[in-house]
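Engineer: With the hints as extra help, turn the sequences into a complete structure.
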Amino acid sequence: MYKYLKYLVIVALLLCSNITWAQKSVRLNQNWEFLKQDLGGIWEAVRPVGVGNPESVPLWQKVNLPHCVNATD
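Per the working numbering, the sequence shown starts with residue 940, numbered consecutively.
None of these hints come from the bench; they were simulated from the model.
What you are looking at is a predicted structure, and each value in this text was computed from that prediction instead of being measured.
Backbone N, C-alpha and C fix where the C-beta goes; we use that ideal spot for every residue, glycine too.
Treat each hint with caution, since some may be false.
As the list claims (entries may be wrong) - So the derived label-pair ranges between C-beta atoms look like this:
hint, residue 1, residue 2, range
1, 943, 1003, 54 to 64 Å
2, 1000, 950, 49 to 59 Å
3, 979, 1007, 23 to 33 Å
4, 1005, 942, 55 to 65 Å
5, 990, 964, 30 to 40 Å
6, 949, 984, 50 to 60 Å
7, 943, 987, 55 to 65 Å
8, 986, 963, 22 to 32 Å
9, 989, 969, 19 to 29 Å
10, 943, 964, 33 to 43 Å
11, 969, 943, 44 to 54 Å
Structural biologist: What follows is the structure, encoded as structure tokens:
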């Protein structure tokens, strides 16, 4: 009886240990885009436009956070 209980406890510990390793930490400071003008609407930010297309007039700048608007501070 104790033999099966020992195996059951070992299997339970192994299954629980996988849950602790499943967590991942991701920093959100990189790969942001900044636009120093007014958007026409919310859909302008998510509209798919190819590179070099004349509709890609709003020039988004790649920035990392923290970002200063005037870029001199």
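Engineer: Taking the numbered hints from earlier one at a time, note which ones the structure violates and give those numbers from smallest to largest.
Structural biologist: none
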